[in-house]
Each structure stands twice: as C-alpha cells, then as structure tokens.
Amino acid sequence: MISASSLAREDHRAQNSKITMQLSGIGKSFSGVNVLRGVDVEISGGEIHTLMGENGAGKSTLVKIISGVQPPSTGTIEIDGQAVQFDTPAAANDSGIVIMHQELSLMPDMTVAQNVMLGQEPMIAGLWVDNKALRETAREALRKFGFSLDVDTLVRDLRVGEQQLVEIARALIMDAKLLIMDEPTSALSQSEADILMEVVRDLARQGVAIVYISHRMDEVFEISDRVTVLRDGDLIGTTLASETTPGELVQMMVGRAVEIKPVQRTVPAAPDVVLKVEGLTAQHQGRKVLDDVSFELRRGEVLGIGGLLGAGRTELLETIFGARGGGHAGQITLEGQVVDLRTPADGVDHGLALITEDRKGNGLLLERSIADNVVLPLLPRKSRFGVLSNQTRDDEAQRVIERLRVAATGVDHTVGRLSGGNQQKVVLGKWLATGPSVLLLDEPTRGIDIGAKDEIYDLIGRLADQGLSVLFASSEIPEFLAVCDRMVVLCEGRVAGTLNREEMSLDAIKDLSMQFEQL
Amino acid sequence: MTSVTDVNEKSPLANMGSSGAYQKLLAFASLIALLIGFSIASPNFMQTSNMIAILQATSVNGVLAVAATLVIITGGIDLSVGTLMTFCAVIAGVVLTYMGMPLLLGVAAAIGAGALCGLVSGTFVAKMKIPPFIATLGMMLILKGLSLVISGTRPIYFNDTPGFDQISRGSLIGKVIPSLPIPNGVLILFIVAIAAAYILSRTVLGRYTFALGSNEEAVRLSGVNTDVWKMRIYALAGGICGIGGILIASRLNSAQPALGLGYELEAIAAVVIGGTSLSGGRGTILGTIIGALIMAVLTNGLRVLSVAQEWQTVVTGAIIILAVYADMVRRKKSG
Chain A
1 MISASSLARE DHRAQNSKIT MQLSGIGKSF SGVNVLRGVD VEISGGEIHT
51 LMGENGAGKS TLVKIISGVQ PPSTGTIEID GQAVQFDTPA AANDSGIVIM
101 HQELSLMPDM TVAQNVMLGQ EPMIAGLWVD NKALRETARE ALRKFGFSLD
151 VDTLVRDLRV GEQQLVEIAR ALIMDAKLLI MDEPTSALSQ SEADILMEVV
201 RDLARQGVAI VYISHRMDEV FEISDRVTVL RDGDLIGTTL ASETTPGELV
251 QMMVGRAVEI KPVQRTVPAA PDVVLKVEGL TAQHQGRKVL DDVSFELRRG
301 EVLGIGGLLG AGRTELLETI FGARGGGHAG QITLEGQVVD LRTPADGVDH
351 GLALITEDRK GNGLLLERSI ADNVVLPLLP RKSRFGVLSN QTRDDEAQRV
401 IERLRVAATG VDHTVGRLSG GNQQKVVLGK WLATGPSVLL LDEPTRGIDI
451 GAKDEIYDLI GRLADQGLSV LFASSEIPEF LAVCDRMVVL CEGRVAGTLN
501 REEMSLDAIK DLSMQFEQL
Chain B
1 MTSVTDVNEK SPLANMGSSG AYQKLLAFAS LIALLIGFSI ASPNFMQTSN
51 MIAILQATSV NGVLAVAATL VIITGGIDLS VGTLMTFCAV IAGVVLTYMG
101 MPLLLGVAAA IGAGALCGLV SGTFVAKMKI PPFIATLGMM LILKGLSLVI
151 SGTRPIYFND TPGFDQISRG SLIGKVIPSL PIPNGVLILF IVAIAAAYIL
201 SRTVLGRYTF ALGSNEEAVR LSGVNTDVWK MRIYALAGGI CGIGGILIAS
251 RLNSAQPALG LGYELEAIAA VVIGGTSLSG GRGTILGTII GALIMAVLTN
301 GLRVLSVAQE WQTVVTGAII ILAVYADMVR RKKSG
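Read top to bottom, the protein sequences are chains A and B.
Mapping of the first sequence onto our numbering: position 289 corresponds to residue 289, and the numbering continues sequentially without gaps.
Mapping of the second sequence onto our numbering: position 250 corresponds to residue 250, and the numbering continues sequentially without gaps.
It cannot be assumed that every hint is accurate.
Stated by the list, open to error - Result set (DMTMM-like, lysine to aspartate or glutamate): computed pairs, CA atoms no more than 25 Å apart in a straight line:
hint: 1; chain 1: A; residue 1: Lys18; chain 2: A; residue 2: Asp109
hint: 2; chain 1: A; residue 1: Lys360; chain 2: B; residue 2: Glu217
hint: 3; chain 1: B; residue 1: Lys127; chain 2: A; residue 2: Asp346
Said to hold, decoys possible - Computed list of chain B residues with no C-beta within reach of chain A, every gap over 10 Å:
hint: 4; residue: Leu31
hint: 5; residue: Thr48
hint: 6; residue: Met128
hint: 7; residue: Val149
hint: 8; residue: Asp160
hint: 9; residue: Ser171
hint: 10; residue: Val204
hint: 11; residue: Val219
hint: 12; residue: Arg251
hint: 13; residue: Leu265
hint: 14; residue: Gln312
hint: 15; residue: Thr316
Because the hints were derived from the structure by calculation, they are not lab data.
For glycine and all other residues, C-beta sits at the position ideal for the given N, C-alpha and C.
So here's chain B without its partners, still in its complex pose (with noise of 0.2 Å):
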C-alpha cells in the first residue's frame, strides 16, 4: 500500500514539499535549545544588541548559503561562493573608488560581475561537462586571484562614496521602530531569502532546479533544454553572491581582497544544516537559513561564554556531522 504523508505545505518559503521538512524542524529546534541554553548559561547573550550582532554575522553567510543552495538543490555544488563574494566587492571598488562611479551603478556593476562569473561556472558545468566541484574550485582559484590583481593587492576604500557604509550598517527599521535597530545587511538577507524561495517554489528556474537534481534524464527526456537552465541557475547564484559583496564590503566600507577563502565552506555548511542534500533534488531556503543561524548563534554564544575560538570551530565541526547523520537516520528509516 501506498502510505498518505506527504503535506502540501503552502507557504513560500516552506513549499518544498515533505522532503527535508524532518530536518529543517530538527534544525529549528536545535536553533531554539541553542538560544535558550546559552540565555541560561550567561544572561548577557539574550541582549537586543548581541541578537541584533547575531543576525549581522548572519547576514553575509547567510546570502552566500542561499547562493550555495540553489546550486546545491541541483545536485551540483558551488565552491566559488566565497571568493566570487570578494571579486564582485573588488568590482564595486573598481567602479566607485577608481571610476567614481555613482552608487547604484557600483552596486549593478558587483551584481552583474557575480552573475557573469556564475554563468561562466554554469558553462563549464553544462557544457563542457566538468564536474562542479572541478569547475568551481578552478572558479574559485581564477576569482581569488583576479581580485587580487585588479586590486594591486590592496584594500580599496569607499570613503568617496557616502552611504555605502550604509547599505549593511544603516538601519532602515529602526528609523521606524527606534528600539530595534536591525541593519540593513539583515534586512537584506531577508528580502534575498524570500526572494529566492519564491523562485524556487513558484518559477520555471525553481521547478527545473528541483527536477534537475532529482533526475536530470528524466528531465532532458520531457524536451528541456537541461543545459540551458543550469546555466542559469549558477548565473542566479552568481548575482546572489554578488549581493555578498556588496553586504561585506558595506560592512568593513573597503574591499579586502585577501578576504573570502573559507566562506564557501562556511555556507556549505550552513546549507548542510538546513536539511539540504548534496545528492541534490531536495532543500529549502528555509533551512539554509536556519543553518546560517545556528552557526552564528553557537560562535556568538561561545563567544560569550569565553570558550576559545579554536573550540568554536571544533563545535561547528562536530554540529555539521550531527545534522548529516540525523538526517541519514531518518532517511533509512523511512526507506
């Protein structure tokens, strides 16, 4: 017999079928034992400030966990992320510091920059066939690298350009509710959130991201030109990580280019978190969310209760391994 458990769960950024909903409430409540439990061991955590500190180290990981995701739900993965961040901050400096530039065009320049190099990952993929995890770590390489040259190897500062800072350290909330002032930065992470689970439960990209990485014949066999669409999925998550660099470089108000190495796997991670599989076909930006949130509430809490950074890492490690294996257990269980 056939069993009856799958829920159609209607909100957006939920609606992704049952797959994955085991371990995003798994990952919810381990986000909610985290909170309380460091509340209760040190009464300075449970600070409007420090949860406020909390969702600005959120804000960068967390755009670069939705990036990592779409490409992940593909079954591929995405290791430029990181330093792809950093080439598009470069590309902003480049366009506002060095060209003097306004704003905005600074901000489409980085966008632009990041979505070109994710086409040209996407290209490498689809069409010429090179593993992703090849294909993006030669991204990753060539991008660090570049940021590199075209920076002479130097940060470069936006002090010219007023209101760049703000686009991450302003706060547009709490112009209108004072007492909580969240920066812009989150802010942002929510909007690119959203807009990404939208994408990916009500568009055609979002349907084929799915589908692609549950059975990618299958997929070519309904008449869908497959490669087309990768490439556009890894130009999507270009553009997003391209918002990254704009959200960093806000933040320090200068493009550092030796930045950005490690990030990739710090957003992996927090995708891994959130219940979506590197096998692809299943994940919800829901829980890449949550998963960038764990990860900054357990630095942050640790922090607080002054455990050195170096067991920070080895906590986040280990938070990693748990939530796979959690999810493996079920996986087997339900066949």
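Isolated chain A (complex conformation) (with noise of 0.2 Å):
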C-alpha cells in the first residue's frame, strides 16, 4: 500500500536504494531453438542503460527475463550481490524491477488517479477505497514527479505522451528501482519525446536505473550513459555511449563475425525485367513509410533491399505483394503488365509469392501437419470440384520434403514442433510449390541456425539460377554479400542508393543505410 513513507524513501534513494543488478550468462532457448546465448550485462541504479538490436536480436526476451514474464534457460540474475529467481512478474516487482511495455497497459476507462494507484488503493477498514487518500496521494505523486495532469481526468481523453507520464508514474509509485522502457517515444511527437526524455533524465539523477530499448540512433545518443547491443541472441558488446559512434553502434547491430561465404552462381542475370517499381509511395498511421522507390528486378536476379530497422523493407514487400490492400502511389509492372494489386490472392495470382518475416504469427499454421501448410496456396488449383485427395496433399508435402531436406518424419509431422530453421524450409516449399516467377523474401533466415541459413542461402543461389528473380529483405549486412547480385538500400522509406555487386561493401551498405539519419 502506498503511504507518505513510500513517498519519503524517495528522497533518500539517491544516498541507500540504488540498485545494481548483474546478469552472468543468462540463456533462453525455445524448443531447442536458442534466442539467447550467455548474456552478461551490468545495470546500475542511476544509468540509463540502452538496449539496442534488429527484431529477433534477443532484446525482448532479455526484458522479459529481468521482469519475471519468463525464466532464464540458463545463467543467473543477482541484485546487490544477491542472486535472486522471478518466478512472476509480481515477484520482479517487489524487488523493485517495472516493465512499461510497448503497448500502454492503462485502463483508458478509469481516471487517472485510479490509474497510477491501480494496486495500490488505500483502503478503509480493508474493504472501501478511500477514495479521497486515493487520489490525495496521487495528486502529491504527480506533483512531486513533476508531472502537470489532472487526476480527475480519464485516461482515455489524455494524449499519448500524457499517458506515458501515467504510466511512468504507476510505476514510481510502486518503488521501480530499475525501468524498463520499451521504445517509449514510438507513439510520441517529438516534443511529447523530449518530455519524456527529461523526465527518464531525471529519474535517473534521482538513483532509477533505467534500462532503455530503442532503435532510434538520435535519440540513443541523446539520453544513454550506457549501450548493449545483441545481435542473434548473442552479447555483441557494452560500451559507454560517449566513446561510441552511430556507425560504430549499426556496424555491432548488423555485422556478423562468421563470415558468410558467397553463394556461387553459375547463370548470370538475364537482362529482361521482371518487376519494375516507379514513384512507390505508400503511408501508414498517417506516416510516410515508402516514399518514392523506384527499382527494376531482372530475370534471374536477387535483388537484396537492406535498411535498418523501420527503414521500409517490410513495407515495401506487403506493398508488391499486395497485402497492404492498395492504396498507395506509384506504378509497379510486373512482366511487361501495370498491375494494381490489392489483396494476397491477387499477388499469387500474378506469380508473387511473400515469404513473411514472422513465420509463427502469420506464415504458417502452427497446431497443422507440413501437408497441410503446403497444401494452403495450392488447394484451389490442386483439387477437383472442391475435393482435394489425400493422395495428391501428401505428394506435394512429400516433394517440399525432399526438394528442401526438411528434417520430418513425415508429411504429417506437426508444424510447430519442427525447428525454426526446417519450419522456413516448409514456408519456402509451400511457396515454391505454387510455381512463382518473383520470390519476395523477408528476413528469411531469422532466428535459424547457421547451418540452416547456409542451405536457404544456397537454395536461393540455385533458384535464381533457373530463372526465378528473387526480392532479398535482411537486416544482416554480410547477408547481402553472400547470396545478392545487387541491392537496393532504404532509409527512411526512401531508396538511398543502388549498389553492384562489385560496389557491395560492409561499409558501402551501411553508409547508405543511414543516409538520411539526422544525428
């Protein structure tokens, strides 16, 4: 329960509650899948520590760790010297570890006092809310975060960044000696940013270890004394933010020690194009996210499209493939034909197929066997009056089998119990199953093995060879330079440059990445 002590302890936190919590080689790994690999990290009360990493780097499954949502595989978490376990996120709480996630967790229909004190009601006789200390004790909370709301007012008729102080306050108000803060200015104008930003400031001046995911470079450099990067569920590096460069922090985030070996082609690029993309411009929530791309796709080729996060990949492929049901601006041709496609059945119609970046969430159907995942696009065209015969299933599912080497007892083998690795072969097989002309590929090797990664890069070399041209989405760097004849580099929805396979560099490709970054 909140009480004018808990408000009091405040002010000494700076002299005696600073909190050091150190993490030894903590490990996650799913079904024999590693996300995580012998973490070490340092975090002491009064930094502000940033987090840094490409989706799937691990940086989510590391908060969820520290805040009690999942155990460690492996490796240990100690508080002031103390090794403690978070079985709950309860538990985390009462050693004074707050997660503010990424979606907001506020009740929009409550008041803002009811807000911040959720938990924490005084109570009468331990059956009323006393609803005057309730909101008596939030308004001097407020007042002493330095926070300008009013605690009568509903959650839901606040601005976003108004509800981000809400929840920042709850989270004080429950003694957070460190906080978490998943990309809290996503959602935020930048001067609602540059609020939030003095107030982690501040937090921190007052002895709060603030542990800080963000992706955007400015902003990193701005508010961290300290940044971990992961890359692939690996520790790449901590590092003083003052000794440190943007380049420096993309080159950790992006590059791969093991070194990726180039595919070998053996049939050049045919000259004739594919797909041509002009004027692609394309918004989403009201924000540009294409803006202007224009690039031609040969016969044969793989085309790689690099950029760092939120730089437009992913956006850019749903637009091709038509998932992102039309819309946007721009012409996009498809052998020699303007197209304008709008739904997923229209893109598999002209011969696209889209291999997604979250195989779990929307490329397969995880409870069902191989057979019937690669049946999915296939059916219309397979079956007859509607039938389709278990025969002519199994056949498909066992020539995906065979094609791609998936490790599966059968076509029946259900899904979600392949690992990540053979899991993609499946969504490949399916795809190629349709008989495609254009692969649109994102991010196809995350979070596979790198043996696994070897062979896909492989496959992908061979297909081009028989005349398939193929889109290459990544986030890895070195990945370009094993499998792309040229690439296209995004920055901030727009194309910031075209590189040959002789101009393909680590650096080039990174240069261009942040092209448009103001820093």
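These two chains come separately, so use the hints to put the complex back together.
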C-alpha cells in the first residue's frame, strides 16, 4: 500500500537504495532453438542503459527474463550481490523492477488517479477504497515527479504522451528501482518525446536504473550512459555512449563475426526486367513508410533490399504483394504489364510469393501438419470439384520435404514441432510449389541456426540460376554479400542508393543505411 | 529435439490430425462408462426401445451440433442454430401447409432458407467484421422474431402433407431389419455427420475451415480470399440447421414457432464435450456426435433413475466444465 513513508523513501533513493543488477551467462531456448546465449550485463542505479539490436536479436526475451515474465534457461541474476529468481512479474515488482510495455497497459475508462494507484489503493477498514486518500496520494505523487496532470481526467481523454507519463507515475509509485522502457517514444511527437526524455534523465538523477530500448539513433545518443548491443541472441558488447559512434553501433547490430561465404552463381541474370517499381509511395497511420521508391528486378536476379529497422523493407515487399490493400501511389509493372494488386490473392494470381518475416505469426499454421501447410496456397489449383485427395496433398508435401531436405518424420509432422530452420523450409517449399516467378523474401533466415542459413542461401542461388527472380530483404548486412547480385538500400522509406555486386561492402551498405538519418 | 507423436488417422470421421484425439478418446470412454453405469443402476436402461429413444433424442441436437462445430473450428461461434432451426421449420410449414407445395419442395425450401440465413451471418462476420458472438446473437433474435411473425405465433401443422412425419419418425432400417427399428431421424443425423466429416477432411472448404481457425492471417497471406470462404462455411452450417428444422418439425408433425431458444447452448455443449476447441483450429465431427450422445444418455439415464429434471441440468453443466478442464490439463502438460 502506498503511504507517506514510501514517498519519503524517494528522497533517500539517491543515497541508499540504488540497485545493481548483474546478469551472468543468461541464455534462453525455445524448443531447442537458442534465442539468447550467454549474455552478461550489469545495470546500475542512476544510469540510463540502452539495449539495441534488430528484430529478433533477443532484446524482448532479455527484458522478459529481467522482469520475471519468463525464467532464463541458463545463467543467474544477482541484485546487489544476491542471487534472485523471479517466477512471476509480481516477484520482480517486489524487487523494484518495473516494466513499461511498448503497448500501453492502462485502463482507458478509469481516471488518472485510479490508474496511477492501481493495485495500491488506500483502503478503509480493508474493504472500501478511500477515494479521497487515493486522489490525494496520486496528486501528490504526480506533483512530486513534476507531472502536470489532472488526477480526475479519464485516461482515454489524455494524449499518448500524457498517457506515458501516467505509466511512469504508476511505475514510480510501485517504488521502482529499475525501470524498463520498451520504445517509449515510438508513438510520441517530437515535443512529447523531448518531455519524456527529460523525465527519464531526471529519474536517473534520482538513482533509478533505466533500461531503455530504442532504435532511434539520435535518441540513443541523446539519452544513454551506456549501450548494450545484441545480435541473433548473442551479446555483442556494452560500451559507453560517449565512446562510440552511430556507425560503430550499426556495425555491431548488423555485422556478423562468422563470415558468410558467397554463394556460387552459374547463370548470370538475364537482361529482361520482370518487376519494375516506379515512384512507390505508401502511408501507414499518417506516416510515409515508402517515399518514391523505384527499382527494377531482372529475370534470375537476386536483388537485396537493405536498410535499418523501420526503413521500409517489410512495407515495400507487402505493398508489392498486395498485402497492404492498395492505396499506394506509384506504378508496379510485372512481366511488362502494369498491375494493381490489392489482396494477397491478387499477388498469388500474378505469380508472386511472399515469405513473411514473422513465420510463426503469419507464415504457418503451427498446429497443423506439413501437408496442411504446404497445400494452403495450392488448394484451388490441385482440387477437383472442391475435393483434394489425401494422396495429392501428401505427394505435394513429400516433394517439398525432399526438395528442401526438411528434417521431419513425414508429411504429417506438426509444423510447430519442427526447428526454426525446418519451419522456414516448409514456408519456402509451400511457396515454391505454387511455381512463382518472383519470390519476395523478408528476413528468410531470422531465428534459424547458421547451418540452415547456409542451406537457404544456397537454395536462393540455385533458384535464381533456374530463372526465378528474388527480392531479398534482410537486416543482416553480410547476407547481402553472400547472395545478392545487386541491392537497393532504403533509409526512412526512400531509396538511399543502389549497389552492384562489386560496390557492395559492409561500409558502403552501412553508410547508405544512415544516409538520411539526422544525427 | 522434435518429438514424433503425430499419428495419421485415415478414417474419414476421425481424420483431423492428432489434436483433440485424446479428449475424443476421453469422451468416448466417458460415454461407455455412463452406459455401463446406468445399465447396472437400472435394468430398464439397456432396453432396445430405450436405446432407440436416446438416439432419437440425439438426432436434432446432434445435427445442430454438427453445424456449430463447423463454425467453431473457424474460430467463430454460432448462437443462432436453435432459432434458425425453428425458422426453417416454419418456412417448411409455409411452403407445405399454407402453399400446398409438394414435400420435396418444402424440404428444399427449409434447407435453402437455412443456407441463406447462414450466408447472412457469414456476411456480418466476414465482410462487416462484426464479432461472431454479436452477429449470431443478433441473428438468433431476428430469426426468433421472424418465426413468430411469419407463423402468426401459432404452430403450423403438417396434417395435409402425408409422409412428412415419416421423415423423422419412420424407419427405413426397421423395414429391412424389423428387430432394429432405428428411426430415420437418427439415420439422417449419421448421414449429415459423415458428410460433414468428409467435407472437413477432404475438401478445400474443410481445409480452409481448420486453417482459418489456426491462423487467419497466414491463410490470407497465402492468397486465399478468407472472407468468401468464411461466408461459405456459415452458409453450410445454416443449411445443416435447415435439416435440423425438418427433423424437429417432422418429429412434432408441426412447426412450433416458440421453440428453439436454448437449443444453441445444448449444441455448443455437445461440441465442447466432444473436444472441439472454442478458440478454433481443432475439432472433430466424431467428437461432437459423442458429445451429443453423452448429453442424451445423461438426460435419459437420470430420468430412468427418476432423478428430478432440475438435477439433470445441474449434472449436464458440471459435465461441460469437467470436459473442458480435462482438455486444459492435457494441453498444459503437452506444452
């Protein structure tokens, strides 16, 4: 329960209740796939510690482990020298660890005071909520933290930036010593973000440890004391923000220690253009996600689509495929014909295939068999009078298993029980069975182990040799060097540059990725 | 390591993969246990006539439960199956008794009306994105009201249509095997069930039904027009409710416009007891039929033992909770 004493304790924070959290050898695996390996990080009270990494690098898994949502598979957590184990988020809260989620977790139809005091309501005789005390305590807390918010306003009526402040106030009232903020500025305007960052700095001055997740380079350098970079589940390093540069951080996020050997291509790309994109511009929630993007894809060519997180890679592939429902400006020409694709069905009809970046979320039916997954886009074509024989279904699935060397017990193997690499092979196989002319690959090697990655690079090379045209979007720069004939680098939705095979290098790609970033 | 526990079942009734197989087995075992238990408790229970009464009592609920299963596997719910059944019975009454049309036309009208209403529900859900619970709750009330309006709140009798009552009460099997007078209603239930199981396991529609319930976005991104397929599934379920309407009208030799409310919950209960997941993607017709049989056996057995009807309802409620809890425990174990 909140009381005057816990507010009074606030004043002593700077002196005696600074937290030190030591993570040693933290690892996490899901059904045999390591998503986090041997991560050592120290977080101390008073510092703003930024976590960086591309999607799938392991940031959210690490945060879940720190905040008690998931236990680590290996490794230990020590707080102030004492080993701790959080079985529930509540246990982590008790140790002063509070997480602010990317999505707000406020009750929109309750007042600011009710939200701030949720779970800490002052009671009368242990039965009734003391509304007067609740409002008073909330008001005093908000004033103390320097937030000018009316405690009686419904959260629904606040702007997003103000709602963030309510979340922070709620965390502080829980006596947070370590506050985790997952991209808190992603939905804020610049001025709101400025206010928020001032608040964050102020908290750090009071001795609170801040774990800050962001991919906005300018923000990271404005606010961080230290930066920890994760990539593919590995800790790449922790460095003082004052001793590094944006270029170095990008290198840490996208480079890979293990060099990838380039795939041998036997047939050069033909001169004829299969896919031509001109002036493609698309909006999402009022923000331009693609801005005048133009390029050509030739037959048998693997064209890389590079750029940092949020540069528009996924949006580009989805728009071409029709998955974003039209509404874009610009022209897409397929095999010499101008097309207007508004649904994925349109895309499939025109010989496109999209392998999405989120294979579990929207690429597969995890509870169903390999056979059921493989036939999904094939059903209308392979069925007669609406009936598909099990024989046809199993034959198609068997072909995929053999062609892509899927390690499975058979066509009835449940897809959710395959390893990440084999799941990805099923997705690829399902689309190859449709006989596409253009393959749109979005992070096709995310979350799968090195061996399976090499197999997929080889496969892409062989498919291109057979005349398939491939758009290959990735956040890992070395991958482009391995498989791509040419590449387009996007930055903030715009084409920052096009590179030929000879021009491609880690530095060239990295520089283009940050072309329009304001630092 | 990946475990190798998946079994491929080849029987058309059971071929829905291994998911739900455990609970189906559990449900089947419970059914057998109930039969044995009631037989020991009362010598009157295991009589041919009583068994046939149980089957007859299962027929209408079973047909509606099959319809509900299809919708539930897509991840939806259909609360309108009961009043849609009544609406279709009333339509049959209008066509046969008021308009004096031939028997087959009445049957076709009832099934057609059911499919059309299902298509309307499906349009609400797929095109207008109204949550299935709300869309079919609305349809449930609309159809109840329409049944009363069309019939003038009075039952419509089928005395002028000779043979109509035989649809459910006659026995083709009894003509062949006189010692086994299984009513046609039961025969129709099994035909509907086998057809639905075939559709689910062999046809494009069936595969999309499961796929939609597993991951609708993945299906859409596979180039499937998910809206259209969803509407077709609701229409099919509606058509099956039309068959249910014919069955009940035939059994009562009348269309009772006030009937129907509450049937949807009985149907959903049978589906759930049979191991179909309310979150979609998993389920079997065989399980649903076993679920419907369990409910009928319970009601009948408790009546034979002279347990008050109020208590029968209590027991049915407890069974539903137990059945779903057993499934939860299993799924938590298998992770």
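These are the hints, each one checked on the structure:
1. Between Lys18 (chain A) and Asp109 (chain A), the direct Cα distance comes to roughly 35 Å. Violation of the 25 Å bound is thereby established for this hinted pair.
2. Between the alpha carbons of Lys360 (chain A) and Glu217 (chain B) the distance comes to roughly 11 Å, so the proposed pair stays at or under 25 Å and holds.
3. With a C-alpha separation of about 18 Å, the suggested pair Lys127 (chain B) and Asp346 (chain A) falls inside the 25 Å cut-off, and the hint holds.
4. A cut-off of 10 Å between C-beta atoms confirms that Leu31 (chain B) is not in contact with chain A; the least separation is 26 Å.
5. At roughly 38 Å from the closest C-beta of chain A, the C-beta of Thr48 (chain B) stays outside 10 Å, upholding its exclusion from the interface.
6. A cut-off of 10 Å between C-beta atoms confirms that Met128 (chain B) is not in contact with chain A; the least separation is 17 Å.
7. Against chain A, the non-interface label of Val149 (chain B) holds: every CB pair exceeds 10 Å, the least being about 36 Å.
8. With 10 Å as the threshold on Cβ separation, the claim that Asp160 (chain B) sits away from chain A holds: the shortest Cβ distance comes to roughly 38 Å.
9. At roughly 32 Å from the closest C-beta of chain A, the C-beta of Ser171 (chain B) stays outside 10 Å, upholding its exclusion from the interface.
10. At the 10 Å boundary, the C-beta of Val204 (chain B) falls inside the reach of chain A, the nearest C-beta of that chain being 5 Å off.
11. At roughly 7 Å from the closest C-beta of chain A, the C-beta of Val219 (chain B) falls inside 10 Å, breaking its exclusion from the interface.
12. A cut-off of 10 Å between C-beta atoms confirms that Arg251 (chain B) is not in contact with chain A; the least separation is 32 Å.
13. With a least CB separation of 27 Å from chain A, Leu265 (chain B) remains clear of the 10 Å interface cut-off, as annotated.
14. No Cβ of chain A comes within 10 Å of the Cβ of Gln312 (chain B); the nearest lies about 35 Å off, and the non-interface call holds.
15. At roughly 29 Å, the least C-beta separation between Thr316 (chain B) and chain A is larger than 10 Å, which holds for a residue marked as non-interface.
Figure legend: structure checked against the earlier numbered hints; hints not met, in rising order: 1, 10 and 11.
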